[in-house]
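Protein chains: 2
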Amino acid sequence: MKRNIIVRILVLFVAMTLAIEAQAQQNGAATPKSGTNSREVPARLIPVPSTVSPELQAVIARPLSPALRLVPKTVEEWRRIVAIKSEQNEPVFNQLRKLFPVDIESETKGGVKTYIVTPKSIPDENSKRILIHLRGGGYVFNAGESGMGEAVLMAYYGRIKVISVDYRMAPDFPFPAALEDSVAVYEEVLKTYQPRNIGIFGTSAGGGLTIATVLKLRDMNVPLPGAVGLGTPWADLTRTGDTLYTNEEIDDVLVTYDGLLEACAKLYTGSSDMKDPLISPVYGDFTKGFPPTILTTGTRDMLLSDTVRVHRKLRQAGVEAYLQVFEGMSHAQYIIVFTSPESREVFQELALFFQNHLGR
Amino acid sequence: MKRNIIVRILVLFVAMTLAIEAQAQQNGAATPKSGTNSREVPARLIPVPSTVSPELQAVIARPLSPALRLVPKTVEEWRRIVAIKSEQNEPVFNQLRKLFPVDIESETKGGVKTYIVTPKSIPDENSKRILIHLRGGGYVFNAGESGMGEAVLMAYYGRIKVISVDYRMAPDFPFPAALEDSVAVYEEVLKTYQPRNIGIFGTSAGGGLTIATVLKLRDMNVPLPGAVGLGTPWADLTRTGDTLYTNEEIDDVLVTYDGLLEACAKLYTGSSDMKDPLISPVYGDFTKGFPPTILTTGTRDMLLSDTVRVHRKLRQAGVEAYLQVFEGMSHAQYIIVFTSPESREVFQELALFFQNHLGR
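Chains as they are written, first to last, in my numbering: chain A, 2 to 361; chain B, 2 to 361.
Simulated from the structure, these hints should not be mistaken for laboratory data. Glycine included, C-beta positions come from ideal geometry on N, C-alpha and C. Among these hints, one or two may not hold up.
[To be verified] Below, in silico cross-link-like pairs of lysine to any residue (SDA-like), each with a Cα-Cα straight-line distance of 20 Å or less: (1) K121(A) x G111(A); (2) K99(B) x K276(B); (3) K276(A) x S51(B); (4) K276(B) x K121(A); (5) K99(A) x S51(A); (6) K114(B) x S51(B).
[As the list claims (entries may be wrong)] Covered, in the sense of this in silico footprint (three residues per stretch, anywhere, with C-beta under 8 Å from a C-beta of chain A), are these stretches of chain B: (7) 178-192; (8) 308-316.
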């Protein structure tokens with residue numbers, strides 16, 4: 002009997018809730034008061050997903066790095082952190098190079114330092130094609146050869162020549178130095194290659210810079226590249242995208258916006274407006290001939306929102322745009338865990354995309 | 002001086018962390034001990050996103066419904082909850098019908114109850130096409146006309162005839178009754194329409210059932226439909242997908258797996274194996290001629306993982322598959338918040354997809 006009463010109360014409660022919901026739905030959209038409606042999400046234990054590769058599981062199982070919580074206060078502190086990261090890149094890059102053999106040559110193009118990455122063999126269909134690579138690292142980290150692992154992976158899997166741009170970075174060179182460099186290299190490449198045979202791609206800050214470069218070239222009336230690859234693009238440097246909150250402490254790589262990420266955003270922006278479409282290109286206009294685009298992200302990525310917001314803007318503008326989202330993957334992890342099958346899959350999809358969308 | 006020491010300690014700490022990370026990376030993948038490596042994610046305040054429409058913001062700002070935490074214990078309790086939900090559906094469905102005028106007729110097809118939804122005008126290119134709709138509701142809820150709002154939206158936006166299958170459901174009819182019904186209707190439709198002119202689609206349980214239906218038809222050597230639409234498909238009824246954890250209490254619609262969701266999974270599965278590919282079709286084989294597919298989900302969706310896992314399996318099998326992920330959107334919210342621009346965008350993309358991929 003007691004049980005029956007509890008059930009009746011429960012049913013009544015649910016009925017009331019559903020009734021309130023239905024009413025709210027009929028009333029339509031009342032604009033919520035901003036700031037007053039944050040949801041309290043309780044503390045949780047989140048297991049290592051069984052649905053990703055063992056390689057990715059091993060990385061997810063590790064404790065979160067405290068490095069991302071750091072906020073350098075002086076140029077001196079920035080330089081030290083940059084130097085540490087650079088030193089740490091070296092052995093990882095050497096391991097990557099052993100696994101994915103390619104040739105690399107340093108070359109100055111349009112006054113900008115670049116690395117030309119050439120795979121061991123290039124099929125005929127790719128002989129007149131080239132990809133321009135813009136590296137990630139928050140517009141601060143990953144200068145030099147050891148910061149361009151992504152270009153090696155792309156050249157290897159795509160069997161296509163890649164030119165990686167060692168663009169200038171903060172703290173010495175904030176916006177728009179990086180953009181000036183990427184545009185200069187593109188214009189230089191344009192002297193040798195047909196625009197439709199040129200692809201441009203990058204991840205994180207490199208993905209954001211890729212979008213900004215295309216928008217800038219369009220505004221300059223320069224012929225646009227044939228295809229674009231955006232890896233979890235940092236398309237909004239402000240704390241706006243929803244997954245900056247929902248995936249906070251869940252993303253293994255970025256961890257939080259509060260620390261190094263916000264610090265990089267401010268350092269790169271300098272005295273400019275952080276919502277300038279050439280800094281936060283999600284606020285740009287994608288309607289005038291943006292090339293076919295592939296976008297890559299993961300379910301744990303704090304820039305999942307940036308990626309899908311750009312994808313929607315491209316689709317709203319009628320652009321041919323393909324989205325791929327990888328299970329359990331954090332920000333840019335397909336570059337970091339380059340021994341994983343997920344990494345291979347990302348670059349094989351990119352290779353297929355460029356194969357299908359670039360001219361010959 | 003003191004400040005300088007703190008900076009040095011901090012830098013040393015970060016250097017050590019990065020060094021440990023680099024070492025772990027070089028050591029490659031050690032299989033993590035299962036269960037021992039759950040990550041503790043602290044309690045957080047998650048604001049209503051400014052990046053979604055006011056209509057969606059208003060819904061996200063509401064408190065979570067306790068209805069999803071309920072676990073009915075007896076068939077009697079299930080029936081009550083089903084009846085309550087059904088009553089609540091009525092006024093919402095009436096509002097939807099007013100906003101999206103179509104004609105609806107009840108008809109028995111292959112021994113199964115269906116609703117034929119006909120838009121006010123059908124363009125020539127759609128005159129020989131039809132879409133089969135399988136509704137969502139955890140294989141328990143949303144029986145009858147008021148549970149098929151999605152079919153109305155699709156017919157309206159797509160200007161195409163839709164036949165919505167009022168398939169049998171638990172508790173009275175667990176697996177495989179629903180599948181028998183969807184297959185029977187497809188075979189009946191096949192008597193009047195060319196297979197390549199038939200599309201099949203559904204959301205949530207309806208999305209999972211859509212996949213299961215295609216896999217079953219293929220195993221029966223029945224000619225497959227021309228195109229498939231999967232709305233956040235419930236492709237894995239077990240508690241496996243990563244976003245079942247990461248988006249718990251963040252998804253407004255499903256809220257948690259622990260309550261009604263798991264109860265529905267068990268009720269539908271009955272004495273069968275929950276990992277049977279016809280119950281949890283993410284475990285199915287997609288290699289043999291699966292038709293072109295569009296998949297829809299949102300960044301807050303607890304079935305984001307199910308959706309992207311199916312997308313990857315389709316792509317791995319070489320299937321033409323398009324993924325769309327909406328910012329800040331919870332499970333199936335494009336059907337629930339049908340006045341939102343996000344809902345319109347979802348169905349316009351579906352309409353375009355079927356237009357491009359169905360025969361005439």
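Fill in: Pair hint K99(A) and S51(A), alpha-carbon separation not exceeding 20 Å
Given that 20 Å is the threshold and the Cα spacing comes to 29 Å, the pair is violated.
Discussion item. Against the 20 Å threshold, does the CA-CA distance of K276(B) and K121(A) hold or violate the hint?
Written reply: Distance ~44 Å between K276(B) and K121(A) Cα, so the pair is violated.
Worksheet item: Checking C-beta pairs, does the region 308-316 of chain B have three or more residues closer than 8 Å to chain A?
Response: That given contact holds, which follows from 5 residues of the region 308-316 of chain B lying within Cβ reach (below 8 Å) of chain A.
Worksheet item: Hey, K121(A) versus G111(A), does the alpha-carbon distance stay inside 20 Å?
Response: violated, 26 Å
Discussion item. Would the hint linking K114(B) and S51(B) be met if the CA-CA limit is 20 Å?
Written reply: This hinted pair is violated, its Cα atoms lying about 43 Å apart.
Discussion item. Three residues or more, CB to CB closer than 8 Å: is that satisfied between the region 178-192 of chain B and chain A?
Written reply: Check failed, 0 qualifying residues.
Worksheet entry | 20 Å limit on alpha-carbon distance, applied to hinted pair K99(B) and K276(B) | The hint is violated at about 41 Å.
Worksheet entry | Given hint S51(B) paired with K276(A) - CA-CA distance at most 20 Å | Holds. K276(A) to S51(B) sits at ~15 Å (cutoff 20 Å).
Of the hints listed earlier, those the structure fails to meet are numbers 1, 2, 4, 5, 6 and 7, in rising order.
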